[in-house]
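Undergrad: Single-letter residue listing:
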Amino acid sequence: MSKIPLVPENTKPLPALGENQGMLSWVASVDHKQIGIMYLISTMVFFVIGGLEALVIRMQLAKPEFDFVSPEVYNQMFTMHGTTMIFFVVMPFLIGLGVYLVPLMIGARDMAFPRLNALSFWLVVFGGILLYYSFLTQSGPSEVGWFAYAPLSEKPFSLNKGPTYWALGLLATGISSVASGLNNIVTILTMRTKGMTMRRLPLFVWMILVTSFLLIFVIPIIASAFAMMLLDRLLDATFFTPAHGGSAILWQHFFWGFGHPEVYILVLPAFGIISEVIPVFSRKPIYGYEFVAGSTVAIGLLSMGVWAHHMFAVGLGNVANLYFSLASMLIAIPTGIKVLNWVATMWGGKIWFATPMLFATAFIIEFVLGGLTGVAIASVPIDWVATDTYFIVAHFHYVLFGGSLFAIFAGVYYWFPKFTGRMMSERLGKWHFWLTVIGFNMTFFIQHFLGLMGMPRRTYTYHDFPYWGSMNLLSTIGAFVLAISVLIFIWNIRRSLKHGEKAPDNPWNAWTLEWATSSPPAVHNFDLVPPVRGRRPLWDLEHPDNPDEPNAKIVL
Amino acid sequence: MENLGGLFNPSSPDMEAMTDLTYYILAISIVILAIIVVAVTYIIIRYRKTPGDKTEPYQNFGDTRLEIVWTVIPIAIVAVLFQLTCSTMKVIDPPIGDREPDIVVIGHQWWWEFYYPDSGVITANEMHIPAGKKLLLRVESIDVIHDFWLPELGPKIDAVPGHTNHLWFAAAEPGVYLGACAEFCGTQHANMRIRVVAQTQEDFDKWQEEELVVPKTPRSGIAAEGAELFQTKACMNCHTIFGTPAAARIGPNLTHLNNRQTIGAGVLTNSPENLAKWLIDPQKYKQGSLMPNMKLSDSEVKAIVAYLEALK
Numbered sequence: 001m002s003k004i005p006l007v008p009e010n011t012k013p014l015p016a017l018g019e020n021q022g023m024l025s026w027v028a029s030v031d032h033k034q035i036g037i038m039y040l041i042s043t044m045v046f047f048v049i050g051g052l053e054a055l056v057i058r059m060q061l062a063k064p065e066f067d068f069v070s071p072e073v074y075n076q077m078f079t080m081h082g083t084t085m086i087f088f089v090v091m092p093f094l095i096g097l098g099v100y101l102v103p104l105m106i107g108a109r110d111m112a113f114p115r116l117n118a119l120s121f122w123l124v125v126f127g128g129i130l131l132y133y134s135f136l137t138q139s140g141p142s143e144v145g146w147f148a149y150a151p152l153s154e155k156p157f158s159l160n161k162g163p164t165y166w167a168l169g170l171l172a173t174g175i176s177s178v179a180s181g182l183n184n185i186v187t188i189l190t191m192r193t194k195g196m197t198m199r200r201l202p203l204f205v206w207m208i209l210v211t212s213f214l215l216i217f218v219i220p221i222i223a224s225a226f227a228m229m230l231l232d233r234l235l236d237a238t239f240f241t242p243a244h245g246g247s248a249i250l251w252q253h254f255f256w257g258f259g260h261p262e263v264y265i266l267v268l269p270a271f272g273i274i275s276e277v278i279p280v281f282s283r284k285p286i287y288g289y290e291f292v293a294g295s296t297v298a299i300g301l302l303s304m305g306v307w308a309h310h311m312f313a314v315g316l317g318n319v320a321n322l323y324f325s326l327a328s329m330l331i332a333i334p335t336g337i338k339v340l341n342w343v344a345t346m347w348g349g350k351i352w353f354a355t356p357m358l359f360a361t362a363f364i365i366e367f368v369l370g371g372l373t374g375v376a377i378a379s380v381p382i383d384w385v386a387t388d389t390y391f392i393v394a395h396f397h398y399v400l401f402g403g404s405l406f407a408i409f410a411g412v413y414y415w416f417p418k419f420t421g422r423m424m425s426e427r428l429g430k431w432h433f434w435l436t437v438i439g440f441n442m443t444f445f446i447q448h449f450l451g452l453m454g455m456p457r458r459t460y461t462y463h464d465f466p467y468w469g470s471m472n473l474l475s476t477i478g479a480f481v482l483a484i485s486v487l488i489f490i491w492n493i494r495r496s497l498k499h500g501e502k503a504p505d506n507p508w509n510a511w512t513l514e515w516a517t518s519s520p521p522a523v524h525n526f527d528l529v530p531p532v533r534g535r536r537p538l539w540d541l542e543h544p545d546n547p548d549e550p551n552a553k554i555v556l
Numbered sequence: 001m002e003n004l005g006g007l008f009n010p011s012s013p014d015m016e017a018m019t020d021l022t023y024y025i026l027a028i029s030i031v032i033l034a035i036i037v038v039a040v041t042y043i044i045i046r047y048r049k050t051p052g053d054k055t056e057p058y059q060n061f062g063d064t065r066l067e068i069v070w071t072v073i074p075i076a077i078v079a080v081l082f083q084l085t086c087s088t089m090k091v092i093d094p095p096i097g098d099r100e101p102d103i104v105v106i107g108h109q110w111w112w113e114f115y116y117p118d119s120g121v122i123t124a125n126e127m128h129i130p131a132g133k134k135l136l137l138r139v140e141s142i143d144v145i146h147d148f149w150l151p152e153l154g155p156k157i158d159a160v161p162g163h164t165n166h167l168w169f170a171a172a173e174p175g176v177y178l179g180a181c182a183e184f185c186g187t188q189h190a191n192m193r194i195r196v197v198a199q200t201q202e203d204f205d206k207w208q209e210e211e212l213v214v215p216k217t218p219r220s221g222i223a224a225e226g227a228e229l230f231q232t233k234a235c236m237n238c239h240t241i242f243g244t245p246a247a248a249r250i251g252p253n254l255t256h257l258n259n260r261q262t263i264g265a266g267v268l269t270n271s272p273e274n275l276a277k278w279l280i281d282p283q284k285y286k287q288g289s290l291m292p293n294m295k296l297s298d299s300e301v302k303a304i305v306a307y308l309e310a311l312k
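Top line first, the protein sequences correspond to chains A and B. In this text, residue positions in the first sequence follow my numbering: the first is 1, and each later residue adds one. In this text, residue positions in the second sequence follow my numbering: the first is 1, and each later residue adds one.
You may find that some hints are simply not true.
[As the list claims (entries may be wrong)] The calculated lysine-lysine pairs, modelled on DSSO-like cross-linking and capped at a C-alpha distance of 27 Å, are:
no.	chain 1	residue 1	chain 2	residue 2
1	A	K430	B	K90
2	B	K277	B	K206
3	B	K206	B	K233
4	B	K284	B	K295
5	B	K133	B	K233
6	A	K161	A	K63
7	B	K134	B	K206
8	B	K277	B	K312
9	B	K133	A	K502
10	B	K49	A	K350
11	B	K90	B	K49
12	B	K277	A	K63
13	B	K206	B	K312
14	A	K350	B	K54
15	B	K54	B	K90
16	A	K502	B	K284
17	B	K302	A	K430
18	B	K284	A	K155
19	B	K133	B	K90
20	B	K277	B	K295
21	B	K284	A	K161
22	B	K284	A	K63
23	A	K498	A	K430
No lab work stands behind these hints: they were computed from the structure.
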């Protein structure tokens, strides 16, 4: 460590957690664990809301020419569903999980900037309230999609207040994301315990680090675009209105310049969860640590140069199309390396299929399917077939649900004992798992075919073409199976909080530092941080005869 | 087997090329997926922990040679995919040079306008083309971004305000092909449908001649009343009828509405009864449509329907 502390030690003590102060001890907290848990709870609330919106969408599509809701309400539902799930569920969940775990995994007392950490969390809540406040305005929330393409999102095509609240809410979460990105980077670079070199960093922390760099590079792009959109809507600027000299395509460049890296912001920390869970339950170290970490950096860099593959139908010309096609296909290479390393980690292990490992194993299959359809649509002519159809809906749900959300479920079951001191029910966990697998594939697999048969996205109704009705009905039934699985998941959390079996400090016999402290950890995290002489400090302690790095120097 | 449409019923040479490429790449993907599924299934069966076994397996940290192998193989696959992409694009999207478009497609919220520059025909929602000919379309938008898409005939192309796009377009055989707007464009995005009627050259020429006829305005009877109402009831503020002062292009050109198969960009089949229903309350059939409910009386509706039916 350098002699000059990059982050000065606090001279004044931080606001302490009062005993028995009830809600105030949470609201006023700057403790990373409490903030992390608040992130997780608020994302659960948004997850339920976003899920209900999805059910409205699927109800409306259950049969051809159905009028369960009006076209306006349908358009509001898919706008809010996408916005909620991306900005208020998956993103803050993963950031919140990082906030809780990063300091513990690197043996630190807290994040580098605890107050900034609290600000980040409360800005997400504030953004969510701004977004959902639009339900109370006269014409309801935004109905222009989570992508809010100009000029549809501009005056005179959207005169309601929805898109304004939408942009304001997301601007607030954007500030939050940049702040947490900075906080993570400084924490990880400067606050690692002795011996925790970058080459020994748990892979989850590596993924959070790369994600954080993505956050600070790409969120400002979309935040500027939101500001320009608000200027257009409120002060009659014309950045994105072609009728007055602006450019509609410019919005798309800004949006996807952020939007594609965003996909990796949503999935890299999920890779991190998988890279922690699979080794522990296979009882083997991660296969090819350097390649898993290195491929993450490669994905992070590539992800910033591929945005226009969302715009192949815009008419940018074939030179641009082919560049973005090739660059997008290249991402398959580092992603493939990761998948093969996970499989190789399981190979030759002694695998314990507890619920976290069930979700992690299913993640591999679902994510590979989503990834492969992703490579297919990186090919421009296939994109011209598939884009704006249900094929795309299926593709990104395989990535974001089959990928990110399966990993999130694995992470919840894995770290719940650490967060709460109680185990989750394995019996309910297995019900949750199987219903999720069945419901998810039932909902989304069929949509690949619907898309190729010609069903466009974002349409509130459809004609009764051959098989469209029955295929959509199957998808709708799948969505309700998924809803039941989520109810079981919530019930499992509730029940386990009260009646779950008491968890030992290290119930899974895992190896990273968060398992070296009590469950739940004390306010100060560690009484004594164990020595770090390799990537798996707790393995080294348990197997002094067979340490990971036999020649490692003891750093004092 | 019924016609599944889209990719499963390619009806132009370009679409056939795209279908072949899609099947080819999906086949490669399925093979890769199958390898992963088989490997994971084998692992689940073979490497499951036996109850009571407290020992740890062999601690294997990786193998650089293996990593190189599974880096190089995907690079090779990507090279093949990209090569296939380039060669397909060469076929379906050659440069347009200085060729003038055969048809200009203009997207409106929520209907399509088709203009044939050579003949001067202007129609809406139903595009007639001669089958077997490679045509060049110019695609534009008057308001927000739309996307012109015939799933059986070729690529999608956005209609972007302030930006002109071109699309090569053909149907191999005569027939009716259904399409729709593919880019979300507001409330009635779902009902912005397209019909392409591919005809033999003779039939197409005949259709074009009919479209160019300037119909006589009826002078007597209920149809004459309708003609009068059309000019006084604000219809003419949005619609065109050749041979009358109505020349606005906000809504579809109604001169030869008789020749079209649907009303409201695909929400109703075109018949006098349906036309009357539509005039009584368009919002009932296409909620949010920019055509307002004109609060016409039953006799006014009858008269306007008679007028539009009489235009020939």
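Undergrad: What hint numbers does the structure not satisfy?
TA: 1, 2, 3, 5, 6, 9, 11, 15, 16, 17
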